[in-house]
Each structure stands twice: as structure tokens, then as C-alpha cells.
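Peer 1: Numbering of the sequence shown is given in the working numbering, commencing with residue 38 and proceeding in unit increments.
Since the hints were derived computationally from the structure, they do not count as laboratory data. Watch out, some of these pointers could steer you wrong.
Capping the alpha-carbon separation at 20 Å, the derived lysine to aspartate or glutamate pairs in EDC-like fashion look like this [unchecked claim]: (1) K355 to E202; (2) K649 to E667; (3) K592 to D545; (4) K206 to D352; (5) K581 to E565; (6) K416 to D156; (7) K258 to D203; (8) K354 to D412; (9) K624 to E674; (10) K258 to E202; (11) K594 to D573; (12) K615 to E674; (13) K440 to D320; (14) K598 to D412.
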Amino acid sequence: MLKDKYKSVFPYIFIFIFVISIYYPVFIEGYITTSDNPLHLYKTYFLIEHIIPEQKWINGWCSWDCAGYDIFSGYPPLIYFLIAIVHYISGISIEISYKIVFILIYFLTGSGIYYCLKDRGNRLLAFMSSIIFLLCPLFYSMHVYGFLGYIFSVALFMFLFRSIEDFHKDMTWFNLLKSALLLSAIMSCHMLSLSASFIFLLSSLIVKLLTDKKKKDVLLKYLAIGLIAIFINLYYFTNLINTYLIFASFKTIGSPPEYGTYPISYLLWEVLNFKFTWQNNTDFLVNLYNNLTPLLFFLVDLLGIMGIIYYIKYDIKKDYNSFRTVLIIFSTGIIFLHSLCYLPKNLQILFLKQEFLSARMMVFVLFVILYFLSDIFNKIKRSNLRKGLYILLIILTVFEVFKKIYVAENSLSMFNKIPASQNLEHLWTWIGENINKSEGPVVYQDTYFSGKPEDPFFFSHIMTLSAKKTGIPQFISLHASESPCTMARQVFMENNCIFGIPVDMMKDGQLYKFMNLVNARYIVSCEEKLQSKLSDSDLFILIKSYPPFTIFVLKNKEQIKLYEFSVSGTECEITELKDNHMVFNIKNPVSDNLMLLKITWHPYWKAFINKKEVFISRSQFGMMEITLPEKGNIQIELRYNSFNPLTVFISLFFLLFSIAGFIYFYVRLLKERHDPALTEKSPFTK
38 MLKDKYKSVF PYIFIFIFVI SIYYPVFIEG YITTSDNPLH LYKTYFLIEH IIPEQKWING
98 WCSWDCAGYD IFSGYPPLIY FLIAIVHYIS GISIEISYKI VFILIYFLTG SGIYYCLKDR
158 GNRLLAFMSS IIFLLCPLFY SMHVYGFLGY IFSVALFMFL FRSIEDFHKD MTWFNLLKSA
218 LLLSAIMSCH MLSLSASFIF LLSSLIVKLL TDKKKKDVLL KYLAIGLIAI FINLYYFTNL
278 INTYLIFASF KTIGSPPEYG TYPISYLLWE VLNFKFTWQN NTDFLVNLYN NLTPLLFFLV
338 DLLGIMGIIY YIKYDIKKDY NSFRTVLIIF STGIIFLHSL CYLPKNLQIL FLKQEFLSAR
398 MMVFVLFVIL YFLSDIFNKI KRSNLRKGLY ILLIILTVFE VFKKIYVAEN SLSMFNKIPA
458 SQNLEHLWTW IGENINKSEG PVVYQDTYFS GKPEDPFFFS HIMTLSAKKT GIPQFISLHA
518 SESPCTMARQ VFMENNCIFG IPVDMMKDGQ LYKFMNLVNA RYIVSCEEKL QSKLSDSDLF
578 ILIKSYPPFT IFVLKNKEQI KLYEFSVSGT ECEITELKDN HMVFNIKNPV SDNLMLLKIT
638 WHPYWKAFIN KKEVFISRSQ FGMMEITLPE KGNIQIELRY NSFNPLTVFI SLFFLLFSIA
698 GFIYFYVRLL KERHDPALTE KSPFTK
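Hey, can you work out the whole structure from these sequences and the hints?
Peer 2: Given below as C-alpha cells:
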């Protein structure tokens, strides 16, 4: 008996060893993970080194260093609360706490897959399925900032899967509350899993309504799961809605660069996770090595789809209420909704947008395929064929594991192996030694898609690491705008653009104006066209060059200010400046003077002139503008407060109510196990 218990633990131990072997660079190289773009590293650094230690995560406010933007509106806070809890309870540094949580989340995800599939037949196949899932290209390369929460939500989804499966079979209040709490936790992790979870819940509801006679009872109980989860997250949803209103109202200069649209056939690669790239001029073994990943997933997808076809053809008529039917509707729903993302952008509405139905949601389709993979193995009666498929899967999986470990080892020094990395280090050293923080952020033209495809930096957002390396804030692109007075996430610096305008169309005078607008004095360019244009300009001075990077400075640097006025001669003194509170004493020479504040507009900002609230309008880049109605001495006060007592109360009430109910019904179930007579009398388990 004891031996069997040890055997049941072995798969989890091996999964943990696998996760450590794949992601050990996290422990050695700071925030770098394998196959990750450096784009996200600065955001993670900013979060770990500033947001959590300064406890700005408590109300979601990310300080005016982050442009007045709620960092947890797009990336819900649950995962970051876990990091903070580990840090404050254990006393371990923030960086180590982050790494511990990161590894445990990946381990929890792999364990969740094994837990869901281990009772479906062969446990070795369940273990292999968990490893294959973690090797999925869409899952393996997720970055560690926003998608750290997404990875956690995928792990929670595995437990939600078991919970909804139990609820689908037995609609007790215990299973209802368990499902509602898990769904609520997923909502607090990431919006992509939020979409997938609701599609999953809806799929179960559809099958139940088609097969259950008590349709009203079914509808109300499923509705209760969704409503409880929504009310627990009401505070977060309020912030999310406000943020999307801000995105919709942003005013930007120029047009965003047009990225190529993929043909609908590209959907196959996103859904099935394989894409063969065979090169005629390359050795057979090299081609085979390069195609190990698509070959593995081609075999897995083929067998899984065969399992789905077999079920639809032979077994579905026996039991329409089977949970397999739910999974087929669920995966079909995700694929169908994701295909709508290929519609023109003007036809994409809120929850049909690419960001809500990203290709990364296909990891849930992969889970369904792995679920039916075990089915087809159980249906194969020829033992030799089954053994052959087992051996082939094991060989491909083992090779893929070694391949990923090799990639991890190489990524450990990924920047040192780039030919121009030495010049990049020289660039960062010079910036750190010669530019003061008081001189404002440095404008970087991102390396991503700039230059030639053979350029080592072409597919890398490597410049976003500069803030971590130099300590100097940056103004770079819509993805990395954590610098003081950063005004918008719709200012493109990539793909041959600068401040949203193509380099060919940008005039040096325009660039000079934009840089003053964001209080920037220095610009780093890696693009020959921009370098040539600024070298010939009378407004910029070339001060240093580390090919392919060149540093320019404004010739006539204006004084850095948090504000600008439409009428010159206006005097202003800041008497108080905090993250969420600012006070200005102004000597206004004229009436109706327009005051521009270099802070992103947000509905949680309130402005008061002489203690009377006034309207805040939005200007260029979505900055705040206030009209000063009277001449003379004026006091302006700005307050930021995202705390909404009503939504917080509702969220806490439903959370505590659900936890209390879950504990109550769980205790009740334990009592009924010891006294079966209670089961028939109990109204709580039906």
C-alpha cells in the first residue's frame, strides 16, 4: 500500500524536475526566460523592484512614473499578490519570491494536466501528455509579465475542468461554489483564460440544457456560477471597463504601422501547433532536428483528432450528456471565435478582438486533443500498434525535452552571443555614466522589425532592457512605457516609425517638438534613415555612436516641466507632488488659459481649482488638460483614487460568502460519508 502511494508521487516529482531543467535560466539570469523576447523583462523588473516593494499594487495605482495607468487593469493582480505574500511572509527578496512563484506555477500547470488525465487509462500516457503540453510552442515561450498570470490561470483551468465535470454530473451546491471560486480565481489571473473559461462554462450549459429535463434549475445554477465569479471580481471589472474607455479615447499623432494580415490557412498552425519548414539545401538530419517540434505535435494532433472522430461516429449516440461532448463544443467554440479575429478590424467588437481570443488560447484546444488522445489509445486493440505509437511518442518527447534544455542553456547567454552585444553594453555603460535621471527619459527607437532581417537585433525588443541596465527611464513604444510622463500606449517607435510617424515622413522639427512634449532630451536610433536625417539636422547633435546604435541630443534643451501653458508668462510652482496627489500654485495672467499636464488622462483623476472640482479634458497623446477660467492666483489640486467602496464591499462579501458556503458544504459532505442516512434527508447536496 505504501509502495503504491510512493508510485503515485513519482510523476509529480519528475514533472518538477522537468520544469526546473527547462526554466533554470530564471534562477541564474534575473528575469530572462527561455525563448522570451526581452520586451517584457523591463516591465517585470519595474513590477518586482518598484510596484510591490512600494506597495502600489494595493489599489492598482502604478504612480505617475507609469503615466497614471492602472497596471492591474489589463493584467489582474492575483499572481502579483502571491509574489508579494511570499515576499512579506518569508522575508525573501522580491526577485527570489518572483522566481519561486514562477517555477511553482509551471509545475502546477503540468501537475494539473496529469491530475486531469491520470484516471483515463494509462498513467504513463497522462505523464507524457503533461510534458507535451508544457512543450507546446504557444505555451513554452510565454513571457513572464502579463502571461505569468495567464500561466497560473491555465493551471487553475485544469482544476476548474474537474470541478465543472463534477458539477455536470452532480449539480450540488458544493460543486457549484467550488466551480464559482475557481472561475473567480481565473478571472483574477488573465483575460485570455477568462474568455476560455466562459466558453467552457457555456459549452457545459448547452449540453446540460439539451439533455436535462429541469432546464430552469440548470440555467439558474449555471448562471449562479458566473454571477458569483463576476461579483467577486467586480472591483477589477470596473477598472477594466474604465481602461478600455481610455484606450478608445486616446488621441495619437500619425497612424499605427500596418502589420501584414495572415491568410485564413494560418489558422491551422495556430490551432494544431505544427508547421513544417523543410529546406532542400540542408542535410536530412538537420531538417529532422529542426522539425522535431512540429513532428511531435502532428502525431499528437492526429491521434487526438482520431479520438474525437471515433467518439462522434460511434459513442456520442450512447450518451449525449457525456462530458466529451462538452469538450468538443468547447474546442470548436474557441476555434470558431478565434477565426473571427481574421475579420477586418472594424468588424471586431469587444470580446471578439484579437487580444481576447489570442492564438495562445489554443493551449486549451491542445488540452482537449490530449484528452481524446487517451481515448484512442484505449480503443486501439492491436498491442503491437499501441506499443509502436507509445515508443514513437516517447522518443519524440525525449528528443524535444533535450532540445528545449539545449535551447535553455544557449539562451542563458543569449545577449553575449549576439555579435553587436559588446557595443550594446558600451551604449548602456555610456548612458548610465553620462545621463542623469533629472534630464528626463531617453527616447529609443525599438530594434524590433527595424533594419534588415539578418540583423541580430531584428526580432528583439532588446532596447527595453536599457532601463534595467542604466537606471535611466525610457520612452520607447506602446509596449514599454513605464517612464515619467509617458503619455500614451499608442505611440509607435517600431517598424520604421518614430512617434507613430514613418521615418521617411518625420521632419526633424516635428521630432524636436515631440521630444520636448515628453520631456526627453536624448534619442537612441538603430535605423540608418533616421540616423542620417538627424546627423544633417541643426536641432540635434550626434554625441556617441556604437554601431548599429547612435545617440543624439537636442541642441537647445528646454527646462523639464510637468506642465505647459497656452499663454506664455504663466508662473507655476508645485507645492506637493506624490503618486496620487499634486498641488500647483499658479499666477495666471489671462482668463481661459489652457494648462497641459503631462500625465495620462484617467477617470480616477479629479481636478480642483480653488477647491472646486473642474472638468479634465484630453489632449494630444491622451494627456490631461485643464482650463484656468480666471486671472490671478489660483491653486490647482489633482487627486487620484481608484478605491470604490461599493465595488470593494460587493467583491469581499461574495468572496467571503462563497468561501464560507464551500467550507460548510464540505463539512456537511464529510458528515454524510460517515452517516449515509443523512444523504437522503439533506437539502444541501442536491
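Peer 1: Looking at the structure, which of the earlier hints fail to hold?
Peer 2: 14
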